Amino acid sequence: MENILGLVALACGLIVGLGAIGASIGIALMGGKFLEASARQPELINELQTKMFILAGLIDAAFLIGVAIALLFAFANPFALK
Amino acid sequence: MAAEAHAPTASEYIVHHLQHLQNVKQTKIVDFSVINYDSIVVAGLLGLLAVYVLWLAARKATSGVPGRFQAAVEILVEMVDNQAKANIHNAESRKFIAPLGLTVFVWIFFMNFMDMLPVDLLPTIWSKVYEAAGHDPHHAYLRVVPTADLSTTLGLAFAVLLLRFWYSVKIKGAGGWAHELVSAPFGTSKNPIFALILGVVNVLMQIIEYVANTVSHGMRLFGNMYAGELVFMLIALMGGAAALSLSGVLLPVGHIIAGTIWTLFHILVITLQAFIFMMLALIYLGQAHNAH
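Taken in sequence, the protein lines are chains E and B. According to our numbering, the first sequence holds residues 6 to 87 in order. According to our numbering, the second sequence holds residues 133 to 424 in order.
Derived from the structure by calculation, the hints contain no laboratory data. Given the structure is predicted, the values throughout are model-derived calculations rather than measurements.
On the chain E side, residues computed to face chain B include the following (Cβ under 10 Å): (1) 65; (2) 67; (3) 68; (4) 69; (5) 70; (6) 72; (7) 73; (8) 74; (9) 75; (10) 76; (11) 77; (12) 79; (13) 80; (14) 82.
Heads up, the beta-carbon is just placed ideally off N, CA and C, and yes, glycines get one too.
Next comes chain B alone, as it looks inside the complex (with noise of 0.2 Å):
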């Protein structure tokens, strides 16, 4: 991208790759008035197509003999639906929380699964396309892998914390979740004194509670891809490192073997982190449903 100055080093490489395209340059680690706009139009426009490929399946299903991509979707739907019957023994909510699972693997599968895409396809195409548009093309910064910005993740983990309040008062009550705040886990007591401090104790574990689970949703789907973005960019630049060295001829070599296991890899990480976050979701949307 930057040819005509310089080739860029292997750090200068990385840190552009891991610029937002965003209206505001991050300088807080916690800042609300930055938008990262890459991470949201591609989720947005993957979200649309999870919808639109559930929805084709849906049109042309039949009551005969399923074709092949019936069959999958199917395999793929009653699955969903077993382990929302497995974790929420309230068949009212899961008219909701079911279809939301669903939502929830095939969106985050298919955010995670740009992280198959070669690293520097999208990015370079942007480059070109901001470069006709008459900018410098050095500061055409685009991450396409949405699950890989904390943002996403963290904004995914907070809405179904939300959904766990919602369901907490819906079932148990306002009045029946507060006594659960200030009861569990240690109990509480007839001595007035001791139920305080039972009390006080009570909430805090609460609170501590639900800060770790919904932090660490978030976080473990963010570090994952995160982790499998920077390692496709190191694989990409010892491809590129063999352009600058004669020495470094069996380079691509390496670069087209590291590539592929990775990737192989990277498969079942990206299937199962989506499963993982789905099932935690529905987890914890299960607890917010049993009385203590």
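Bound conformation, chain E alone (with noise of 0.2 Å):
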């Protein structure tokens, strides 16, 4: 029981920190294109912009469906509920 706990803790971590590591990169490397082609292109802002917003969710959705999936494990725990 205790092992099985500890493993979960562990994932959880895994989950949410592998997780944002990904997520984090995803933006970075949207968000310094963005700012590059913006500066390239003032005119094309507005556009860039909006497409940036879907993407930016886009990029978080995975991240997040990971969090939630992390924190039902760390608090409705269906491993150890047995």
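Since each chain sits alone in its own frame, please combine them into the complex, following the hints.
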């Protein structure tokens, strides 16, 4: 039982941590490119901004799904209720 | 809620808040006999509210100088209309799909907005009503955010999938769509053996694509709202924990700060996710119009 709880705690940490790394790299790459592109062509800023927000939501989503699952494991643990 | 027996622990509090008001307790991951009454009722009421708000704007609309409310609704309608025009190049289909996009956006935004209400407000009222009706208030379950229920979001995504099938058949004809299923994305061949192999591979790829699109479409909205709801519960626990210990007197301050920051961030998230759900629905329906 303690073994399971410990492993689940480690798993939650890994899910959130690795997910955060991925989402951060994704947002950083996209944000950098957006700034570069809008410095080059300022007239495209509005159009690019909408697309950037959509993509930010898409990148964030995978991470947030991971966070939701990790939080579920942390508080309503389906493995430890047996 | 469990004041007389013992105060709920953090884990019990969260488990209680994650329990739907439903007809039978869910035991399997996929179980079509489970009906979540709370999601259905709240989603239905919010749908009516969304329709009523937009109807109110349309009824009072004037061609003269618009008021603030009318201007806001006009900006919204124009935004959805522009996105529909950019994604669907068929004026006949747009008569249905553009209003659909508007409905989806406003409805999902309203459902997501239930996250902004204090997490314990409606469940506490519900447990009082439940107690007044002569039941045990410990079993008064209620989840107020319909989009934090996987059934709702996957249901919406599935409705979009059915519309994609409908428009694929309508625009390309049953034969044209069947031809696309066996020839995209890898093309086809003159040689009958290669044509058969490519056909099987293409159909498999198409099935994977449809399933992946639909599941990720629903999961994306669900994941965001579910994580948001859980973080709000954790923040609520922070203030609740102060009552249990003397050393925690500063926790309510942290509760207010964390709650404010997360609420402000969440306003962005709920709008963005409603917008993304609408955009993806429009993009998928636009794809159904493109012949390969």
